[in-house]
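**Student:** The chain contents come next:
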Amino acid sequence: MNMKVNIAGVEWNNPVTVASGTFGSGAEFADYVDLNRLGAVTTKGVANVPWTGNPTPRVAETYGGMMNAVGLQNPGIDVFCERDIPFLRKYDTKIIVNVCGKSEQDYCEVVERLADEDVDMLEINISCPNVKEGGIAFGQNPKAAEEITRAVKKYAKQPVIMKLSPNVTSIAEMAKAVEAGGADAVSLINTITGMKIDINRKSFVLANKTGGVSGPAIHPIAVRMVYEAANAVDLPIIGMGGIMTAEDAIEMILAGASAVSVGTANFHNPSVTMDIVDGIEAYMKAQGFETVADMVGIVK
Amino acid sequence: MLMTKKREDAAVLSQECIAQDIYSMWLKTGAASEARPGQFISMYTNDGSKLLPRPISICEINKAEGSLRVVYRVTGENTGTELFSKMEPGDIVPVIGPLGNGFPYEKAEGRKVFLMGGGIGVPPILELAKQMKCAKKQIVVGYRNAETFLKEEFEKNGEVYISTEDGSVGTKGNVMDAIRENDLEADLIYACGPTPMLRAIKKYAEEKGIECYLSLEERMACGIGACLACVCQSKEKDHHSNVHNKRICKDGPVFLSTEVEI
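Chains as they are written, first to last, in our numbering: chain A, 815 to 1114; chain B, 141 to 402.
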C-alpha cells in the first residue's frame, strides 16, 4: 500500500495539503506540524506587490464554522521568493504557490516571475470573495475564467491549478471552462460568501460587511460540488471545504477528489493534518486499498 | 525541532466566580513552564460548533506546580466563555500556548512605573506586578463598580490606585482620572484594557515622553501568526507581510505605544 498521489504530473507523498490562507507559508505551523508529512504546502496568496488587506475585524466565528475577510494581505512576490521558497524547500513536501491578482496582467506577472523559481505547482485564486477587484470577477463568469486560465498558462512553467468559487450557478460549467482554457487541475471550493450581524451593536461583525464562510458547516456543499466537478471534467481535483477529520477527507476522495486540502481545521487544532494523514492511511489499510487513486470517485 | 508544540489537554484545577460574569480558573498545563506575564493562551471549547480558540490572557503563573490562572469575562449566553465558566475541577480544556510576546518587564529595574489595567484587561497586570522589580510600583486599575476583583492581590504587590465608573471605590472615572487625582508620576508604563483607555494612555505617554507598552486585542482565528486576522496598524513594516500590519497574536500583544496606531 502507498499513499503517493500524482496530481497533474507532480508526485506528492500523500494526498493531503493545506488550504491557502490558513497556513501562512508554513513557518508559523512548523512547530505544530511535521511539514515533511504533508503531501504539499499551499501558500497564502501572493500578488505582484504587497497588499495590506482589509480593515479589522477580519474574522468571526459562525455555527460550525467561521467567516473571514482578510483581503489577501501578502508581502508580494519578491519577499515571497526570497524568504518563503527557501524555507519550504528544506522540507520533503511539494510547494504550491497560490497566486492572486486584480487584473490579468497582475496574475501573469506573478506567474512569469515564478516560472524559474523552485516551486512545484501554481494555484490561481480566481475565487476570493473578499477583494473588490479581480479575484472573484474571474471566478463567476465561465468565459472570464477560461480567458484568465489561458493567459496564465502562457507564462506558467509549472502545472496550473485553478481554484474555483462555490458562489456560482454551476460548478460543472466553471470546471469545464478552465479545462478548456488549459488548466492542469482544479481545486474547490473556496469560501461561500456570507454575512453576520451583531444585533446589540446593530452593525456588521466584519469590517468588510461580507466574508467567506468556511469550516465543517459547508462540508456537504463542498462534497456535492467536488462530485459535480469530477463528473464534468477529466482534470484532477483537489477537494476542500470543511475537512476536519480523515473521514471528511475520505468522503471528498470517494466523491472524486484526487487530493484534499485542510483549511479552517488548522485553526481548531494546528496539528490536525497529521491526524488526517494517519487516518486516511488507517482507512486504506482497513479497507484494502492499495493506492489513493483506487478510491478516487468510486461513489458514482 | 519537529513538532515541538501541540494542542494540549489542560485540566481544570479550580474555578470560582469572583465578580459578576468574571471567573477565575486555574489550569494544570505544560504551558506554565515557559509562560511570561502578558502572554496569553488559546483555549478551545469542547463544543464542535465553536471551532476557534478563545485567546485569554494569563493572570498568574505557578511554575512549581505547572499551572496557570486565567481570569476571564463571560461575554454572553451560549458563548465559549460561558462554557468555560461551567467547567469543574478535572474537566479538560484543550489549549495551546503560551502565545505572544509578553510585557518587557525587565526594563522596569530602578524605574518609577505605572501598571495600568482596565476591565478585563486587569488580570494580566497581576503576574506582571508579581514578577516586576522596580523603584516605585504604582498599580492603577479601573473597574465599572465596587466589584474590584483582584484588588487584595494587587495590594500585596505594590501601591494600588483604583478608579470606578460609578465612583463607588477610589476615583470616579477612569484610570487616567486616578493618575491625575493622586498626582502620580512615572517614567515607564505598562497597560492592558479597552481600546479607548489605551488610546488615552498612549496620548498621555507620548505628550510626556514616557516609554509605554500597550497590550492590544483583536479578533483572532489561528493565534499563531498565520491567518492575518488580528493585525494592527504599525509604524514600521511588519516582518510577515512587509506592509504596516503587525500581528497582535505573534508580534504582540504587547507593543511600544509609539509603534502602533490605535
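Some hints could be false.
As the list claims (entries may be wrong) - Listed next, the stretches of chain A that the computed footprint assigns to chain B, with coverage defined by at least 3 CB atoms under 8 Å from CB atoms of chain B:
id	segment
1	824–837
2	845–855
3	885–896
4	976–987
5	1080–1088
6	1098–1105
Hints are computed from structural coordinates only; laboratory data are not their basis. Only a predicted model underlies this, so the values are computations on that prediction, with no experimental measurement involved. Where is the CB? At the ideal position from N, CA and C, for every residue including glycine.
**Student:** Find the hints from earlier in the document that the structure breaks and name them by number, from lowest to highest.
**Tutor:** Hints 4, 6 contradicted; others consistent.
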